[in-house]
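Asks: Full structure from sequences and hints, please.
One-letter residues, chain by chain:
Number of protein chains: 4
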Amino acid sequence: MVCIVEMFEKPKLEKPVLIEGLPGIGFVANIAALHLIRELKAVRFAEIHSSAFQDLAITTAEGGTCSPLNELYYGRSQDGGRDLLIWYGNTQALTTAGQYELCGRVLDLAQELGCEYVITLGGYRQEEVKNPPQVYSAASDLETMEKAIALGTKVMVGQIFGIAGLTVGLARLRNMKSFSLLVETLGTYPDTEATRHALLSLNKFLGMNIDLSRLDIAAAETKKVLEVFGLIRTVAEEKKKGEQQFRWSI
Amino acid sequence: MVCIVEMFEKPKLEKPVLIEGLPGIGFVANIAALHLIRELKAVRFAEIHSSAFQDLAITTAEGGTCSPLNELYYGRSQDGGRDLLIWYGNTQALTTAGQYELCGRVLDLAQELGCEYVITLGGYRQEEVKNPPQVYSAASDLETMEKAIALGTKVMVGQIFGIAGLTVGLARLRNMKSFSLLVETLGTYPDTEATRHALLSLNKFLGMNIDLSRLDIAAAETKKVLEVFGLIRTVAEEKKKGEQQFRWSI
Amino acid sequence: MVCIVEMFEKPKLEKPVLIEGLPGIGFVANIAALHLIRELKAVRFAEIHSSAFQDLAITTAEGGTCSPLNELYYGRSQDGGRDLLIWYGNTQALTTAGQYELCGRVLDLAQELGCEYVITLGGYRQEEVKNPPQVYSAASDLETMEKAIALGTKVMVGQIFGIAGLTVGLARLRNMKSFSLLVETLGTYPDTEATRHALLSLNKFLGMNIDLSRLDIAAAETKKVLEVFGLIRTVAEEKKKGEQQFRWSI
Amino acid sequence: MVCIVEMFEKPKLEKPVLIEGLPGIGFVANIAALHLIRELKAVRFAEIHSSAFQDLAITTAEGGTCSPLNELYYGRSQDGGRDLLIWYGNTQALTTAGQYELCGRVLDLAQELGCEYVITLGGYRQEEVKNPPQVYSAASDLETMEKAIALGTKVMVGQIFGIAGLTVGLARLRNMKSFSLLVETLGTYPDTEATRHALLSLNKFLGMNIDLSRLDIAAAETKKVLEVFGLIRTVAEEKKKGEQQFRWSI
Chain A
68 MVCIVEMFEK
78 PKLEKPVLIE
88 GLPGIGFVAN
98 IAALHLIREL
108 KAVRFAEIHS
118 SAFQDLAITT
128 AEGGTCSPLN
138 ELYYGRSQDG
148 GRDLLIWYGN
158 TQALTTAGQY
168 ELCGRVLDLA
178 QELGCEYVIT
188 LGGYRQEEVK
198 NPPQVYSAAS
208 DLETMEKAIA
218 LGTKVMVGQI
228 FGIAGLTVGL
238 ARLRNMKSFS
248 LLVETLGTYP
258 DTEATRHALL
268 SLNKFLGMNI
278 DLSRLDIAAA
288 ETKKVLEVFG
298 LIRTVAEEKK
308 KGEQQFRWSI
Chain B
68 MVCIVEMFEK
78 PKLEKPVLIE
88 GLPGIGFVAN
98 IAALHLIREL
108 KAVRFAEIHS
118 SAFQDLAITT
128 AEGGTCSPLN
138 ELYYGRSQDG
148 GRDLLIWYGN
158 TQALTTAGQY
168 ELCGRVLDLA
178 QELGCEYVIT
188 LGGYRQEEVK
198 NPPQVYSAAS
208 DLETMEKAIA
218 LGTKVMVGQI
228 FGIAGLTVGL
238 ARLRNMKSFS
248 LLVETLGTYP
258 DTEATRHALL
268 SLNKFLGMNI
278 DLSRLDIAAA
288 ETKKVLEVFG
298 LIRTVAEEKK
308 KGEQQFRWSI
Chain C
68 MVCIVEMFEK
78 PKLEKPVLIE
88 GLPGIGFVAN
98 IAALHLIREL
108 KAVRFAEIHS
118 SAFQDLAITT
128 AEGGTCSPLN
138 ELYYGRSQDG
148 GRDLLIWYGN
158 TQALTTAGQY
168 ELCGRVLDLA
178 QELGCEYVIT
188 LGGYRQEEVK
198 NPPQVYSAAS
208 DLETMEKAIA
218 LGTKVMVGQI
228 FGIAGLTVGL
238 ARLRNMKSFS
248 LLVETLGTYP
258 DTEATRHALL
268 SLNKFLGMNI
278 DLSRLDIAAA
288 ETKKVLEVFG
298 LIRTVAEEKK
308 KGEQQFRWSI
Chain D
68 MVCIVEMFEK
78 PKLEKPVLIE
88 GLPGIGFVAN
98 IAALHLIREL
108 KAVRFAEIHS
118 SAFQDLAITT
128 AEGGTCSPLN
138 ELYYGRSQDG
148 GRDLLIWYGN
158 TQALTTAGQY
168 ELCGRVLDLA
178 QELGCEYVIT
188 LGGYRQEEVK
198 NPPQVYSAAS
208 DLETMEKAIA
218 LGTKVMVGQI
228 FGIAGLTVGL
238 ARLRNMKSFS
248 LLVETLGTYP
258 DTEATRHALL
268 SLNKFLGMNI
278 DLSRLDIAAA
288 ETKKVLEVFG
298 LIRTVAEEKK
308 KGEQQFRWSI
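Residue numbers (the numbering used here), protein chains in the order written: chain A, 68 to 317; chain B, 68 to 317; chain C, 68 to 317; chain D, 68 to 317.
Keep in mind the hints are simulated off the structure, nothing from the lab.
It cannot be assumed that every hint is accurate.
Identical chains blur together in the list; that is why a pair holds if it fits in one copy or across any two.
Below, simulated EDC-like cross-link-like pairs (lysine to aspartate or glutamate); rule was C-alpha separation at most 20 Å, straight line [stated by the list, open to error]:
no.	residue 1	residue 2
1	Lys82	Glu288
2	Lys244	Glu183
3	Lys108	Glu210
4	Lys79	Asp150
5	Lys221	Glu288
6	Lys197	Glu114
7	Lys290	Glu168
8	Lys79	Glu183
9	Lys271	Asp175
10	Lys214	Glu129
11	Lys221	Glu129
12	Lys244	Glu129
13	Lys244	Glu210
14	Lys108	Asp283
15	Lys271	Asp150
16	Lys108	Asp150
17	Lys77	Glu195
18	Lys291	Glu76
19	Lys108	Glu288
20	Lys214	Glu179
Replies: Right under this line is the structure:
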């Protein structure tokens with residue numbers, strides 16, 4: 068595997084918090100990250116390519132093309148809160164080794180920029196979803212877990228697949244604090260409502276006040292991207308195979 | 068993965084255009100490349116082997132053998148147009164990482180030879196094909212897209228799988244201009260008619276006048292090679308699995 | 068693949084014996100290793116991570132997380148016997164190459180610490196199990212095999228899959244003495260009884276007197292971990308595929 | 068992938084011919100190589116391990132173990148003919164990349180020892196087999212092919228899978244002469260009769276007079292090894308998947 072990080076700028080940040088926002092169950096992380104990027108007018112400063120991403124191009128409506136990629140943005144918090152590092156992208160890696168390498172490279176870079184705190188977002192697939200959907204969490208350590216519980220989350224029991232789980236685990240190995248916010252979702256479509264509750268928890272935790280009134284726009288755009296990428300179809304198909312084999316291809 | 072480029076000659080070329088011509092849907096690129104090589108009396112100057120190609124040998128009619136491989140040819144344009152670099156072969160790589168490495172090595176080499184423009188060809192699988200078949204395109208950037216549209220192509224919507232798509236994406240990352248010409252095809256046999264329309268667009272774009280009267284010969288030979296390679300059968304089988312899993316094995 | 072060993076301490080050991088205890092058939096090795104760690108109050112001195120482990124996190128009951136990992140412990144034998152190196156973990160590697168790398172790294176480290184003797188444990192899946200279950204063995208060499216036979220074991224006939232087999236083979240290549248103790252088991256649940264007989268043989272061979280009265284506790288804990296990891300379910304599913312495809316995913 | 072060659076001796080050989088003898092269709096190559104090793108009292112001088120071999124150990128009847136491995140032997144021809152390098156083993160590599168690496172390492176070593184000629188053996192699976200079975204061949208070049216035809220072989224048409232084919236292809240790239248002898252076989256059991264005809268052709272080509280009266284012994288032993296390795300069962304199962312997916316696992 069070869070994972071290449073192209074960095075356009077090395078931002079100076081104050082104790083930034085890394086927010087993981089790659090496509091996953093219910094696209095909760097992906098919609099949330101896109102919304103944060105817009106609301107914070109976050110700046111794109113790095114692009115990541117991996118030979119463990121799929122070998123294809125995706126067309127844009129105008130006939131342009133885009134490739135499977137990950138990006139890093141930084142955003143200054145509006146309310147005197149902490150700066151954010153936002154990890155956005157249209158894919159996770161296709162192989163386990165590719166996932167480890169991707170995650171390792173992003174954490175390397177985050178640490179270089181002074182980051183000691185990582186939050187991953189995700190959906191928690193359920194057959195039925197409560198109203199409002201319950202937010203679950205799991206953390207790198209029990210002290211951090213207490214803070215997550217204080218947000219009104221419940222203890223997640225089980226496995227957290229893919230980047231959302233791997234990142235918490237690898238962050239812990241680096242003595243970074245980390246937790247995952249996982250919102251109940253049916254999981255097969257971009258779930259705005261689940262994303263809203265992930266962001267409400269995030270707002271609370273970071274003392275931010277991100278406006279959620281335009282969240283539908285981010286969800287709609289995510290849906291559009293995903294349809295072109297064939298991802299939504301994939302989710303439905305993958306679901307049949309059971310969650311353990313869950314792996315993103317774009 | 069190990070990808071080895073053996074270069075027999077380092078040609079001096081004037082702003083060459085790289086034409087990708089590996090086997091793919093409808094074998095449009097593969098037939099077109101073979102035809103260009105013959106009509107331009109293009110010279111073979113590099114051979115590429117990868118451990119991501121299949122582990123087998125294919126026999127020739129006389130009992131000789133050939134291996135999965137890629138080749139590079141250069142051709143001087145007949146009509147004062149630009150020189151061509153033609154990327155020909157009997158296989159794509161079997162793995163995603165192998166595809167990235169193969170494509171990266173070819174683009175490295177093309178750039179060393181002064182190439183800043185890449186055109187990939189391919190079929191666009193449809194259940195029904197218009198007469199004449201519609202040519203679609205997607206480009207590295209909107210300026211290039213305008214030129215492709217001016218050829219009478221339509222905007223491609225969706226995913227461009229394999230080398231044809233990956234190459235446009237990776238070219239864009241290197242600030243090379245690139246577009247893909249994708250012709251409607253049923254896709255399960257070497258499609259001469261689709262190839263003809265790809266070459267007509269190419270002729271128009273490059274100001275060339277490649278004679279297409281012998282195109283049937285290139286198609287027949289491609290068919291013969293593919294039958295020995297078991298490729299035609301494979302295409303039909305692969306088709307069932309859906310396009311997303313599409314991956315070439317010789 | 069990348070396999071990283073983090074070593075917290077370099078213990079001084081007297082001709083230690085390496086005991087392999089990763090999850091496998093019947094979880095015999097895994098329960099036995101956990102029990103040994105507790106009874107010997109063994110000290111954790113190294114942690115091993117591999118990009119061939121699955122990309123996820125597992126939650127603990129309190130909302131903490133743990134990652135797929137391997138660990139090394141050393142234990143001083145109670146009765147003037149040999150020191151033990153205990154190789155414990157919650158996963159084997161997902162790929163063949165990952166298994167070779169993992170096993171090679173552990174044997175490297177064991178040899179650095181003066182180890183020349185390796186014992187692997189495992190279950191031997193049978194449709195029916197005798198009472199008491201028969202212990203089978205296979206060794207790096209016939210001299211070692213005689214010692215294993217003297218413990219009342221029978222000659223194992225067939226294949227020893229995964230780490231239990233690979234380790235004996237790789238140890239032999241390094242001129243280390245090695246044998247495998249494989250106990251009859253139905254194999255689809257953490258088998259305390261099979262583990263008891265593995266440990267009885269081990270006690271006898273090493274001249275130890277490990278108390279087995281608390282073995283149920285280790286088995287119960289192993290079961291708890293495995294349930295969270297989804298491993299027990301996996302075993303049942305994997306079983307259908309036949310033993311040859313047997314491969315651990317956490 | 069990591070492929071390790073351990074060389075016990077660097078023999079001085081006169082223009083040796085490399086004979087490939089790994090397990091494959093009908094086990095023709097494997098039986099033939101074992102028979103040659105015995106009849107020529109060939110000397111084992113190198114052992115090859117790869118992380119692309121399966122991760123297991125196989126027990127011997129006495130309780131010893133052996134690992135997936137390849138070996139190289141040299142044999143002095145009885146009748147003033149050329150020396151032989153015999154490539155024997157109980158497995159091919161499990162991955163394409165592993166096959167390329169394995170084959171490349173063996174050819175490197177053969178070339179170091181002055182080898183310029185490579186013969187691969189194999190079965191050619193047919194639904195029905197003539198009596199006597201027809202021998203087919205394919206060669207690196209047409210001059211070599213003429214020599215193979217002169218042995219009474221027919222031109223092989225199609226694909227030669229795995230090491231038997233890959234080796235001819237990679238030998239050709241190194242400007243070594245090479246051909247493959249492929250004998251008709253039903254292919255699902257160790258086929259003594261097919262092997263006899265492979266060796267008759269080999270005798271003729273090399274001007275040797277290898278006694279074939281003990282060939283049954285080599286076949287019986289190969290069968291025994293294969294049964295322990297679970298290979299014979301595997302062949303039958305693999306057959307269902309079609310030849311294209313044919314890949315050896317021990």
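Asks: Could you run down the list of hints and mark each one as holding or not?
Replies: Each hint, compared with the structure:
In this assembly of identical chains, Lys82 and Glu288 lie within 20 Å of each other by CA distance neither inside one copy nor across copies; the values are 30 Å within and 39 Å between. Taking the closest pair of Cα atoms, Lys244 and Glu183 come within 20 Å of each other only inside a single copy of the chain (6 Å); across copies the shortest separation is 40 Å, beyond that limit. For the identical chains of this complex, Lys108 and Glu210 are neighbours neither inside a copy (32 Å) nor across copies (27 Å), given an alpha-carbon limit of 20 Å. Only within a single protomer do Lys79 and Asp150 lie at most 20 Å apart by alpha-carbon distance; the minimum there is 10 Å, versus 47 Å between protomers.
Within a single copy, Lys221 and Glu288 get their C-alpha atoms no closer than 30 Å, and across copies no closer than 23 Å, so neither meets the 20 Å cut-off. For the homomeric pair Lys197 and Glu114, neither the shortest alpha-carbon distance inside one copy (37 Å) nor that between copies (40 Å) is at most 20 Å. Taking identical chains as interchangeable, the C-alpha atoms of Lys290 and Glu168 are never at most 20 Å apart, the minima being 27 Å within one chain and 31 Å between chains. In the homo-oligomer, the alpha carbons of Lys79 and Glu183 lie at most 20 Å apart inside one protomer (14 Å), although the nearest pairing across protomers, at 35 Å, exceeds that limit.
Proximity of Lys271 to Asp175 under the C-alpha cut-off of 20 Å is found in neither arrangement, the shortest distances being 27 Å within a copy and 49 Å between copies. With identical chains, the CA atoms of Lys214 and Glu129 are at most 20 Å apart between copies only, with a shortest distance of 13 Å across copies and 46 Å within one. Taking the shortest alpha-carbon separations for Lys221 and Glu129, only the inter-copy value of 10 Å comes in at or below 20 Å, while the best intra-copy value is 44 Å. Within a single copy, Lys244 and Glu129 get their C-alpha atoms only as close as 42 Å, which misses the 20 Å cut-off; across copies the closest is 16 Å, which meets it.
Proximity of Lys244 and Glu210 under a CA criterion of 20 Å is satisfied intra-copy only: 9 Å inside one chain copy versus 46 Å between copies. When the C-alpha separation of Lys108 and Asp283 is checked against a cutoff of 20 Å, the pair qualifies only within one copy, where the shortest distance is 17 Å, while the shortest distance between copies is 56 Å. Taking the shortest alpha-carbon separations for Lys271 and Asp150, only the intra-copy value of 15 Å comes in at or below 20 Å, while the best inter-copy value is 52 Å. Taking the shortest alpha-carbon separations for Lys108 and Asp150, only the intra-copy value of 12 Å comes in at or below 20 Å, while the best inter-copy value is 45 Å.
Taking identical chains as interchangeable, the C-alpha atoms of Lys77 and Glu195 are never at most 20 Å apart, the minima being 44 Å within one chain and 51 Å between chains. Taking the shortest Cα distances, Lys291 and Glu76 never come within 20 Å of each other, neither inside one copy (29 Å) nor across copies (47 Å). In this assembly of identical chains, Lys108 and Glu288 lie within 20 Å of each other by CA distance solely inside one copy; the values are 16 Å within and 49 Å between copies. Neither within a single protomer nor between protomers do Lys214 and Glu179 lie at most 20 Å apart by alpha-carbon distance, with minima of 25 Å and 43 Å respectively.
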